[in-house]
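S.K.: One letter stands for each residue in the lines below.
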Amino acid sequence: MRKVLTEHQPAAMRRPAVAKSRPLWRTLYLQRYLLLMTVPFVIWALIFSYGPLWGWIMAFQKYKLGLGIWHSPFVGLDNFKELFKDDDFYPALRNTLVMAVMNLVTGFVGAIVLALMLNEVKNKLFKRTIQTITYIPHFVSWVVIANIVITFLSPDGGMINAFLMKLGFIHEPIYFMTKEGFFWYIQTAANLWKEIGWSTIIYLAVLASLNPEHYEAADIDGASRFQKMRYISLPGIMPTAILLLIMSLGWLIQGGYESQYLLGNDVVSGHSEVLDLYALRYSTEIGDFSYGVAISMFKSFVSIVLVVAVNLFARKTQQSRLF
Amino acid sequence: MFRDRSFGDYAFTATNSLGLALLGFVTLFPFIHLLAISLNEPLDLIKGGITWLPRKLSWFNYDYVFSNKNLFRAAFVSIARTFVGTFLGVMCTAMIAYALSRREFIFRKPFNLYFVLTLYVNGGLIPGYLLIKQIGLMNNFWVYILPILVSAYNVMIMRSYFEQLPEGVVESAKIDGANDLQTLFRIIMPISMPVVATITLFIGVQHWNSWFDNYLYTSRSQSLSLMQYELMKVLLESVNQSAVTASSLNANNVAQLSPQSIRAALTIVVTVPILLVYPFLQKYFVKGITMSAMKE
Chain A
1 MRKVLTEHQP AAMRRPAVAK SRPLWRTLYL QRYLLLMTVP FVIWALIFSY
51 GPLWGWIMAF QKYKLGLGIW HSPFVGLDNF KELFKDDDFY PALRNTLVMA
101 VMNLVTGFVG AIVLALMLNE VKNKLFKRTI QTITYIPHFV SWVVIANIVI
151 TFLSPDGGMI NAFLMKLGFI HEPIYFMTKE GFFWYIQTAA NLWKEIGWST
201 IIYLAVLASL NPEHYEAADI DGASRFQKMR YISLPGIMPT AILLLIMSLG
251 WLIQGGYESQ YLLGNDVVSG HSEVLDLYAL RYSTEIGDFS YGVAISMFKS
301 FVSIVLVVAV NLFARKTQQS RLF
Chain B
1 MFRDRSFGDY AFTATNSLGL ALLGFVTLFP FIHLLAISLN EPLDLIKGGI
51 TWLPRKLSWF NYDYVFSNKN LFRAAFVSIA RTFVGTFLGV MCTAMIAYAL
101 SRREFIFRKP FNLYFVLTLY VNGGLIPGYL LIKQIGLMNN FWVYILPILV
151 SAYNVMIMRS YFEQLPEGVV ESAKIDGAND LQTLFRIIMP ISMPVVATIT
201 LFIGVQHWNS WFDNYLYTSR SQSLSLMQYE LMKVLLESVN QSAVTASSLN
251 ANNVAQLSPQ SIRAALTIVV TVPILLVYPF LQKYFVKGIT MSAMKE
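Top to bottom, those sequences are chains A and B.
Mapping to full-length UniProt numbering: the first sequence position 279 is 279, numbers consecutive.
Mapping to full-length UniProt numbering: the second sequence position 107 is 107, numbers consecutive.
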């Protein structure tokens, strides 16, 4: 693949030089179809990606629906001050970060372990079957996953409770979904179950591209299967793994809200409510949109700081960087 | 020593295969269990004890799902959304990816930046909501399609696939008098099946699985309701029910319905289309993702 790229590099490099000798209008005319093809995207991004940024002004206003952005009074940083004073803000922030870290760590370790295990399978059919099965949950909606989780953990007739009772570990069914202490673990387990297979794709590709000579040399030295896994396969995927890890670190605070919304309920909201849901609740229940925007801005701010910091760190420690 | 090694080898293979088989079981079992619940007679289900197979086979739950007018309409809206959204999404993604992959395109660099920034720039939930309100997309079918028309991630996958195609393909098409649109749709896309199939699957699945936009923007118009949203409503209702008392279940028994059975049947109906499509596309998407990721 890399060979194909270099072969065609020269032809590609020549092109812009030719283009530059033409007057601009001529280039524009010649590339009218290319321009036409990008029009939908340019307009789309302007409206749906960059458009909402205009709404950020609201974070500094006392926004009133009737007045709109043009006429609502400015209040400076009041919304942010109020935000940091609110007692519900800190649990939401904590829940967001705790669940993000738990998902990140379990997902990272789980994907690597599974990829290493799959890589050791010699039987192609068995390997492909397991892969096909473990990819499935990735393509199923969170609504379906939540449904499965709730069905299995249900106190009346749920499989987990029935199983535990049969084995004699418990005598009364446990109300898993209404115990605050369980929520983080349930969410993490569900997330791991959903994504573990899918996240191995990239690691398996890296493992397939490792130099077979290393394994042959290890064979001659009498290394066991486990030793080969530990000293050749694992170091082989580490650079990719680290890159993926620091990339996702930047998005830590954007942990998503779908699973928390669907798995959570009023009883466990102290452990299930994340920043987005907190913002949504504030905006819809109290009608204070400014407050919701302030939360969105806070999240974006943290996210940008994290992305830039992580990128700087990546650039310092490795040759590769993210952007 | 040889003997020792082959025993270790054997033990390793056995443990490894067993572990993987167990994972496969844990992944697949919930779907089988739900299928068994959905095919069991609702009254009989209350007795519990269903694992693999239905005890009293009955199509009652599926009859209910398909005879319910709202659910039937929701299925139609979901299918319509998935088809329209996927078609438009793939077309737009391909056009942008192609333009950005052409080295001679004069706006290649600025548009690239403009577009990569959409990955990082995000107004957030509330500004997005207000925007939809302002441009009049509330309770409108197009609110399902337009806001997620293109995604930078999909464009990047497609672009890097196009970039590593031989340059001669485009040049010979140009010599034959094809313009860029014709080149893309008649030549580039047919020879890029792995990535086209991958992106089609991604966009299709995203549309089929969406429910949050339904909840936020169209929850007031029942005629635009989606399957996933209907399922989510049943889900939340029964969660609150079982959290309060078990007596509400008995009230449902009278009507010959159990929310658990309906939920299971709906879940299966919502899941089956994906299970049908995806094994055929699997070899493509693994290739598509791997190729674009390895290039970096």
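Derived by calculation from the structure, the hints in this document are not laboratory data.
Watch out, some of these pointers could steer you wrong.
[As the list claims (entries may be wrong)] List time: in silico DSS-like cross-link candidates among lysine-lysine, alpha-carbon distance up to 27 Å: (1) 85(A) with 122(A); (2) 124(A) with 283(B); (3) 283(B) with 127(A); (4) 69(B) with 62(A); (5) 69(B) with 233(B).
[Unchecked claim] Only part of the chain B face toward chain A is listed, based on derived beta-carbon distances under 8 Å: (6) 102; (7) 115; (8) 127; (9) 130; (10) 169; (11) 172; (12) 189; (13) 205; (14) 209; (15) 272; (16) 286.
The beta carbon of each residue, even a glycine, is placed where N, CA and C say it ideally should be.
S.K.: Output the numbers, in ascending order, of every earlier hint that fails for this structure.
M.R.: 1, 4, 10, 11, 12, 15
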